[in-house]
Amino acid sequence: MTSSARTLTERWASLALAIFSAGVLVFLVAPILAILPLSVNDSAFLTYPLRGFSTRWYEAVFASDKWRLAVQNSFLIGLPATLVATVLGTMAAIGLSLADFRGKGIVTAMMLSPLVVPIVIVAVALYFFFAPLGLTQSYTGLIIAHAALGSPFVVVTVGAALASFDRNLARAAAGLGAPPLVVFQRIMLPLLRPGVISGALFAFALSLDEVVTVLLLGAPHQRTIPREMFSGLRDSLNPSIAVVATLLTVLAVFLLLVIEWLRVRNERLRRREGRVSG
Amino acid sequence: MRASDDDRLARDLGRAGRSRRVAALLLIAPLFFFLAFSFVVPIADMLRRSVTDTEMEEIWPDAAGAIRGWDRRTEPDEAMFRVLGRDMRASAEARTIATAARRLNYALPGGRSLVMNTGRALRGLEGEPLSWRETMLAEDPAWGERRTWIALSHSAGPLTDFYLLTAFDMERDADDRIVPRPPDQSLYLAVLQRTLLMSAAVTLLCLALGFPLAHLVANAPPRQANLLMILILLPLWTSLVVRSAAWIVLLQDQGIVNGFLQWSGLTSEPVRLIFNRPGVLIAMTHVQLPFMILPIVATMKAIPKSYMHAAASLGAHPAVAFWRVYLPLTMPGVAAGSLLVFIMSLGYYVTPALVGGASDQMLAYFIAFNTTSSANWGLAAALGVLLLGATAVLYFVYSRIAGSGRPLLGYGQ
Chain A
1 MTSSARTLTE
11 RWASLALAIF
21 SAGVLVFLVA
31 PILAILPLSV
41 NDSAFLTYPL
51 RGFSTRWYEA
61 VFASDKWRLA
71 VQNSFLIGLP
81 ATLVATVLGT
91 MAAIGLSLAD
101 FRGKGIVTAM
111 MLSPLVVPIV
121 IVAVALYFFF
131 APLGLTQSYT
141 GLIIAHAALG
151 SPFVVVTVGA
161 ALASFDRNLA
171 RAAAGLGAPP
181 LVVFQRIMLP
191 LLRPGVISGA
201 LFAFALSLDE
211 VVTVLLLGAP
221 HQRTIPREMF
231 SGLRDSLNPS
241 IAVVATLLTV
251 LAVFLLLVIE
261 WLRVRNERLR
271 RREGRVSG
Chain B
1 MRASDDDRLA
11 RDLGRAGRSR
21 RVAALLLIAP
31 LFFFLAFSFV
41 VPIADMLRRS
51 VTDTEMEEIW
61 PDAAGAIRGW
71 DRRTEPDEAM
81 FRVLGRDMRA
91 SAEARTIATA
101 ARRLNYALPG
111 GRSLVMNTGR
121 ALRGLEGEPL
131 SWRETMLAED
141 PAWGERRTWI
151 ALSHSAGPLT
161 DFYLLTAFDM
171 ERDADDRIVP
181 RPPDQSLYLA
191 VLQRTLLMSA
201 AVTLLCLALG
211 FPLAHLVANA
221 PPRQANLLMI
231 LILLPLWTSL
241 VVRSAAWIVL
251 LQDQGIVNGF
261 LQWSGLTSEP
271 VRLIFNRPGV
281 LIAMTHVQLP
291 FMILPIVATM
301 KAIPKSYMHA
311 AASLGAHPAV
321 AFWRVYLPLT
331 MPGVAAGSLL
341 VFIMSLGYYV
351 TPALVGGASD
361 QMLAYFIAFN
371 TTSSANWGLA
381 AALGVLLLGA
391 TAVLYFVYSR
401 IAGSGRPLLG
411 YGQ
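For the protein sequence lines, the chains are A and B, in the order given. Per the numbering used here, the first sequence starts with residue 1, numbered consecutively. Per the numbering used here, the second sequence starts with residue 1, numbered consecutively.
Note that these hints are calculated values from the structure, not bench results. Even for Gly, the Cβ is constructed at its ideal location relative to N, Cα and C. Any given hint might turn out to be false.
[Said to hold, decoys possible] DEER-style ranges, computed between Cβ atoms:
hint, chain 1, residue 1, chain 2, residue 2, range
1, B, Arg-86, A, Phe-75, 51 to 59 Å
2, B, His-317, A, Thr-55, 29 to 37 Å
3, A, Gln-137, B, Lys-301, 43 to 51 Å
4, B, Leu-327, A, Ser-236, 15 to 23 Å
5, B, Leu-394, A, Val-258, 32 to 40 Å
6, A, Gln-137, B, Arg-95, 20 to 28 Å
7, B, Gly-389, A, Phe-254, 33 to 41 Å
8, A, Leu-169, B, Ser-399, 30 to 38 Å
9, A, Leu-25, B, Glu-58, 37 to 45 Å
10, A, Ser-14, B, Arg-48, 37 to 45 Å
11, A, Gly-134, B, Leu-196, 22 to 30 Å
Go ahead and model the full structure; you've got the sequences and the hints to work with.
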């Protein structure tokens, strides 16, 4: 259909569509962008218009014991949880791709189910279950919760990497006499690495953002960054919120870019691999 | 000869298959057991809690047994008063009586003070009274009422439908019939209705905003489509709490939106846009919109352009062609996106808690509230059963529509 053949109605319709879609995109992105400039605003209120540039809120956040503790807690919980989720998730994904067995469908569904179950259910169930075990108000309890919630992301990303993994490479190495562990280390792991890293980043991002299990299971001194923001938003709105929001957003964009880069690199590797074997 | 070779080959293949299977199971086992401990068993245990009732049994073991054996018609005799009185005195001395008092209070308004006061009186008692019945009746005549004993028998366990009925604002009356609770004790039907309505509203808003944008993305040249996708995915990667903060900043009385409304002369006073229903709907729609757009884009991309051309060349007006040809073909994506958004909205906790008022809280809030603040674990579990059940059923429908597509749920809320 050439543009000359298009009717006036169609042109109006596509113009209206473009304007409406632009509006929706503004709705999606603008709120996130709007909070960023307020972090360097020289005013005690989170309102526009801006009053002038100041880094004093950043200084206040970096000097605050409360936020330092929150950052520390986020990493103290997020890093071990990511490690557990990544190691167990990678092993399980390899296992699931290795052989068929009875009940595989159910096992796979179980391993992905933390993605489906509402987070408040998980938090409440763990609250009941952990209380008699003394795991509420403990780092261990929170690490277990976040590892469970993060593991399906690793199973999915590593599973996707395995789906396009050429098994003949592993067979060739084994045929040349490499023991299974060496095959895994030297052949599989390098090819799976992008999938493993993406899964780990997803799991870490989840832990870094997760607030419901921390609300229910965490002790007051175990507040993470989102948990501290949650309190800040409920009590009083002050510019340190904008500072932390900005830092978290920058980190999120960074993680998004890394994952996108890994995906593109992975596809390129795969194409090259395809050329060699084909 | 050939046969034995085949046999050996089959045996070798079988052995290789078996060892692969063993390796697979060994690799899967750690995550399997980890999730069993940290996810499956706790949730199963929560489901169990919604139908079990052991608080009274733990505090008053003999009395709970005696009350369970009562036929609920005859007057409770001295023996029953004695068993209950002894257990009450023992629990008052052990300071565990408050748990039983709280449990009776769920079944009987005023049950807490009845038990606490009587317990206090019995604790001061020296030796065995001549008549436990007279002693307890003297403390509170409510012990002579049948409804007190009916409430006791409803709380004596070990199984109960009390919490599940409460989740639907129902209870059992003195004759064991299921009846609606009085309005002043009803809450959860309204919460359920609110949760469903708000989820439906968010789904419709996402569809209205997402469908046109999805159309634009699906028909854009690849480079532009990629850029649009990054803009759509960016909010998904931004912290949920940060997005709530952003909406509070934008929609507050001194925020940009109100500033614009007043500047443009649409209103003279600030409009209340946050900490109320519109605020929650706006913020939730913002969070869920990507989950609506992604499946619709996927469906739209798979629709061959030739279909619309064919419709046009057969003389259909573009609007007719859109309505009769294009729209029906997008339905799988629309259905998958809508179900996904609806399911995820049902479990929302953080967004309504941050940008909503007291009357905008959804089911998830009351599950958490009954877990921590009011410590009514049975009710929290029963409400959890409702949410989990609704999620499971709708997710089953979703997986039928979306095929074996990857689940996108859970991230957010």
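We went through each hint and held it up to the structure:
| no. | hint | verdict |
| --- | --- | --- |
| 1 | B/Arg-86 <-> A/Phe-75: 51 to 59 Å | holds (55 Å) |
| 2 | B/His-317 <-> A/Thr-55: 29 to 37 Å | violated (60 Å) |
| 3 | A/Gln-137 <-> B/Lys-301: 43 to 51 Å | holds (49 Å) |
| 4 | B/Leu-327 <-> A/Ser-236: 15 to 23 Å | violated (48 Å) |
| 5 | B/Leu-394 <-> A/Val-258: 32 to 40 Å | holds (34 Å) |
| 6 | A/Gln-137 <-> B/Arg-95: 20 to 28 Å | holds (23 Å) |
| 7 | B/Gly-389 <-> A/Phe-254: 33 to 41 Å | holds (39 Å) |
| 8 | A/Leu-169 <-> B/Ser-399: 30 to 38 Å | holds (33 Å) |
| 9 | A/Leu-25 <-> B/Glu-58: 37 to 45 Å | violated (58 Å) |
| 10 | A/Ser-14 <-> B/Arg-48: 37 to 45 Å | violated (57 Å) |
| 11 | A/Gly-134 <-> B/Leu-196: 22 to 30 Å | violated (38 Å) |
Of the numbered hints listed earlier, those contradicted by the structure are 2, 4, 9, 10 and 11.
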